[in-house]
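Taken in sequence, the protein lines are chains A and B. Sequential numbering from 0 applies to the first sequence in numbering that gives the first Met the number 0. Sequential numbering from 0 applies to the second sequence in numbering that gives the first Met the number 0.
These aren't lab readings, by the way, just hints derived from the structure by calculation. Take the hints with a grain of salt, since some may be wrong.
Think about it this way: if two alpha-carbon atoms lie no more than 27 Å apart in a straight line, the pair counts; the simulated DSS-like pairs of lysine-lysine are [what the hints assert, rightly or not]:
1) B/185 <-> A/195
2) B/113 <-> A/197
3) B/313 <-> A/195
4) A/195 <-> B/65
5) B/225 <-> B/299
6) A/197 <-> B/7
7) B/126 <-> B/313
8) B/105 <-> A/195
9) A/197 <-> B/117
10) B/204 <-> B/65
11) A/197 <-> B/322
12) B/19 <-> B/113
13) B/324 <-> A/212
14) A/195 <-> B/225
15) A/195 <-> B/324
16) A/197 <-> B/126
17) A/197 <-> B/167
18) B/126 <-> A/195
19) B/280 <-> A/212
20) B/7 <-> B/126
21) B/322 <-> A/195
22) A/212 <-> B/185
23) A/197 <-> B/185
24) B/280 <-> B/126
25) A/197 <-> B/225
26) A/97 <-> A/64
27) B/282 <-> A/212
28) A/197 <-> B/320
29) B/280 <-> A/195
30) B/167 <-> A/195
31) A/195 <-> B/282
32) B/320 <-> B/204
33) A/229 <-> B/167
34) B/115 <-> A/197
35) A/197 <-> B/135
Each chain, letter by letter, is given below.
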Amino acid sequence: MIKKGKYLLVPMLSLIILSAAPNVYGDSINYDENGQKVYDYAELLSDSEEREITEKLVETSKETKLDLVVVTTNDTQGKSTSLYADDFYDDNGFGYDKKYGDGVLLLIDMEHREVFISTAGDAISRVSDSDVEDILDEIAPFLTNESYMQAVEEFIEGIDDIDDNAFTYLRNPIISLLIALAVAGAAVFIMSMSSKTKVTVGSTTYLEGGRIKLGARIDHFTHTTTTRRKIENDNNHSGSSSVRTSSSGHSHGGGGKSF
Amino acid sequence: MIETYKCKGCGAPIEFDGSKGELVCEYCGTHMSVKEMEQSGEKYDSQVEDETVQDDNNKTDVNGYKCQSCGAELITDDKTTATVCSFCGSSAVIKGRFTGETMPAKIIPFSITKDKAKDLFRQWCRKGILTPSMFKKSAFADNMTGIYVPFWLYDYGAGCHIDAHATKVRHQRQGDYEITHTDHFKVVRDGEADFTLVPADASEKMPDETMDLLEPYNYSNLQDFKMPYLSGFLSEKYSYDSNQMAPRVEQRVRSYIFREVRNSITGYSTVNIVGSNTRLKRKRAVYTLLPVWMITYRYKNENHILAINGQTGKQVGTLPKSKEKMLGWFGGIFAGTFAILMILGGFLG
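So here's chain B without its partners, still in its complex pose (with noise of 0.2 Å):
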């Protein structure tokens, strides 16, 4: 079942805009609520039946869909939750993939807008010496899409036990010698501590490391998912579930839990930890989407990724470098510093 989010007043495809929190129809300036929209959003949801192939064998070709708008497969892959028609552009989302364990508890909207993203990114590229010149160009820009990525976010219960040596150095001074006093101390620290909403993504194809810089999220943001929020975005459901997630995550808080710890130690020349050991609960895992623009490209025969937070604007990826700009500054700081180290040496050596 394909649900394409039609405006009330005219009947063509509404999108979420971001920069308003609500949906707005590009044609007639139509604006919806989300929660307006998922309310009456029956009226407007065409029957059509959900699309799935079946053939003889009772083999399911998931990714048989038809847009509500042109009746044009949808091609999308088993994961896709959400995606835009490629010949009209009107926005569907795959209700029939959001059930039970699939349904996203959370969300948080995108409040960057494509416009705003782009620009963004034009600034970033800008902002980097060795970029090539062919990134800066506008065009660059717009093969920019928003993507809803499927996150786990978790609360934890922490604990950790440090058994430490540490010691207080004195210097005292007494006629030609100097006396060093070292007080020796036994350590011991055991604290406590919740980590709520550390976020790991559950997608396959984002990659883990692009995902941790884009953090952090504002979490006052954090809305009940509804599914108007993904209309005119890409989105797609978890690859992977809370258990499997799990271990990256408690590593991450084991991490924070023993720094915290660590750092109660103070007010000592040396601390030498002699043990440890963490403790951890895990309290809850919420299925929670969150917004991001992203631009993929091959430069040179290599693929790069090129995210944008889409709640923050934080910017996330290696801009790629040009060989020619490198030598170019290489050569001439060279230049230069032979130049004025050879002078140094003849005037003041």
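Isolated chain A (complex conformation) (with noise of 0.2 Å):
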């Protein structure tokens, strides 16, 4: 028992440690998890469908710590599909963090039939424009569809993903296990192969004088093969933001499309 403990030391420690992580985080100051999520103002939604989203949006939020918001129209007011993402966002307050903080708004507008993601604050870097494309790009055709229900899933579980590592897939015991499994299996055989032992002669140990004599030594040009290849140009602006600014001079990126 005594030697088990030895060996259990280390993890305990670090779980000790690791465990005072979570404080170092500040909680949110704006977002208002009981507030309206959803604004379906073309009526595209269920009132059953509305609460799903709403509380799928607040799950998220609180995962992604963006304010996630939903709204569709008939109506742009007169403003281009873009104008009225951004400024619906800035004149509701919306943000996680504060006003006008980290967030996403998706936009049906059904009058230009176009759907508009729009990012603020943290959520401008944090979704880049290639996010953003790879969003619209899945739900667009469920738009076509009229399956408004599955779009707005598409776009939730998208933001969602945005923030994906290699630890995510940690939050998953099985693969934590089989890695710690593989872990725990190489080291033991590293450990028993270290007690072989290593052969210390070469070529050269016995070799007289250390070095061959080379009698022919012939290196011959034959011929040449050429091969032509067409380098494809990667336009793929991974990463890149590109940002505009609402009626009332706050920050926003994201883009849309038509459908």
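Could you use the hints to bring the two separately framed chains together as a complex?
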């Protein structure tokens, strides 16, 4: 038992140290999880759908620390889709950390048949142009099919996935379990291999004079073969975000797509 | 005929001391060089005749020798050339087995004493993370024996001819195109070299892999063979003659010369060997005794051999692994890794 305890000491210590970590994070000050998150002016969603979406938005907001809002409209009051989206966000004072702060707004504009994602605060950089493009590409077909509920769900999922990194997979205990098994197996295998003796003689150990005498030495050029390959131009702007300014003077990112 | 080297001063059995390079009497401290002992040896050699017992059918019982010190029967097999009396501990060199072809030409004397070898072994055991605790006890090292193992050391003249197809690759950028030029070459190399004193153990009892791993020996201390070097150690004569061992060494020399000639093809992106042939010429084979400290033991019904090069101290063999320790480490590392991964996933995921 005493021995086992020794092996467990290191993981225990790291557990204690790491469990102190969450205190580092500050809590939100502006986000209201009971506030309205879905503004369905175009009446595209049923009441139960609205409730379900609100629940998911709040859950994902807490996880990503982004204020997530969904708006549908038949009338943009003469504004362009992008300006309507940006102004709607600012006029309602959304933002997870503060007013006009971190958040993402999805606008389904039935007047111009355009879907728009407006990002604000930290979300401008966290959700890059290519992320927005990816999400729009995913949801546009649903909108064309009038599957508004599915489109919104895709949007939430897309935002949820943005901050995913290698560590996200570790939340799955089975993956962590398999990695731990492999690490422990490899470590013990290396330990057991280290007791093997290495060969310390090579091809020069018994070589008289330490070198060979080369007689024939021919390097005869015969021919050349040539291949051409077109260089693919990588126009992937992954990671960058373009920025606009709303009527109230706040910065917004994101983009739209017709459906 | 048994030779038991006796101290000039007090008449006690005298043994070769590896650290001093001469024979030292452990009772009175008298020192004698190997050469001195060999020259004066006759005087102290007892005159008892070869105790080979012959029965009526004229069959030779080669195992029957009597200890010169206490008269007890020495237990040997037909390969033994030097042993230690199991009753009184006197060393016994069986002189009659060193005649003509069975007379070693060279010897590398022990330079690592038994105490030093035990120390090395203990350090070795302590390093093994998975070594069962019983091996870390000092008493375990006591059943270590010093053996002069018969080897053949071969000199070979070797040559190798290699035909190869080699390429050099150049890249060039032209607008939107990457152009790859591959220059093809026909390459020929022919090299020759002499390989000297390549060892092969000629004892049937010694595992070849273990003996190979004990290499290299330092040949600067290769001495002409003299029997007093054997005093205090075990030794045996070769089981295989130089012709029988040659194929094993030739395989090694072939790979050596090939590798050396192959390594002279440089400066190419790819080298593809089209054909090769090696030439070997054996120049000589030297019957040599090389020093090895050995421990044989049984652990969980398996025989293991641990060997230490009696000249350089290189250790060869696999220490046994404790299943319990392996499980302990596995469990500990597994639990630790799992906990850390879950924590990372929770906070950073």
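Evaluated hints:
1. B/185 <-> A/195: Not OK: residue 185 of chain B and residue 195 of chain A at ~42 Å, beyond 27 Å, violated.
2. B/113 <-> A/197: holds, 24 Å
3. B/313 <-> A/195: holds, 12 Å
4. A/195 <-> B/65: violated, 42 Å
5. B/225 <-> B/299: Roughly 41 Å separates the two Cα atoms, so the pair is violated.
6. A/197 <-> B/7: violated, 44 Å
7. B/126 <-> B/313: With Cα atoms ~15 Å apart, residue 126 of chain B and residue 313 of chain B stay inside 27 Å; holds.
8. B/105 <-> A/195: violated, 30 Å
9. A/197 <-> B/117: Distance of about 21 Å is within 27 Å: holds.
10. B/204 <-> B/65: Status holds; Cα separation ~24 Å.
11. A/197 <-> B/322: holds, 23 Å
12. B/19 <-> B/113: Measuring from Cα to Cα gives roughly 13 Å; hence the hint holds.
13. B/324 <-> A/212: violated, 53 Å
14. A/195 <-> B/225: Outside the cut-off at roughly 35 Å; violated.
15. A/195 <-> B/324: holds, 17 Å
16. A/197 <-> B/126: holds, 16 Å
17. A/197 <-> B/167: violated, 35 Å
18. B/126 <-> A/195: Holds, at about 12 Å.
19. B/280 <-> A/212: Measuring from Cα to Cα gives roughly 16 Å; hence the hint holds.
20. B/7 <-> B/126: violated, 43 Å
21. B/322 <-> A/195: holds, 17 Å
22. A/212 <-> B/185: Satisfied, since the Cα-Cα distance of roughly 21 Å is no more than 27 Å.
23. A/197 <-> B/185: violated, 37 Å
24. B/280 <-> B/126: violated, 44 Å
25. A/197 <-> B/225: This hinted pair is violated, its Cα atoms lying about 33 Å apart.
26. A/97 <-> A/64: holds, 11 Å
27. B/282 <-> A/212: Roughly 18 Å separates the two Cα atoms, so the pair holds.
28. A/197 <-> B/320: OK: residue 197 of chain A and residue 320 of chain B at ~18 Å, within 27 Å.
29. B/280 <-> A/195: violated, 34 Å
30. B/167 <-> A/195: Violated. Residue 167 of chain B to residue 195 of chain A sits at ~39 Å, over the 27 Å cutoff.
31. A/195 <-> B/282: violated, 34 Å
32. B/320 <-> B/204: holds, 25 Å
33. A/229 <-> B/167: Measuring from Cα to Cα gives roughly 21 Å; hence the hint holds.
34. B/115 <-> A/197: holds, 22 Å
35. A/197 <-> B/135: holds, 22 Å
When each numbered hint is compared with the structure, violations occur for hints 1, 4, 5, 6, 8, 13, 14, 17, 20, 23, 24, 25, 29, 30, 31.
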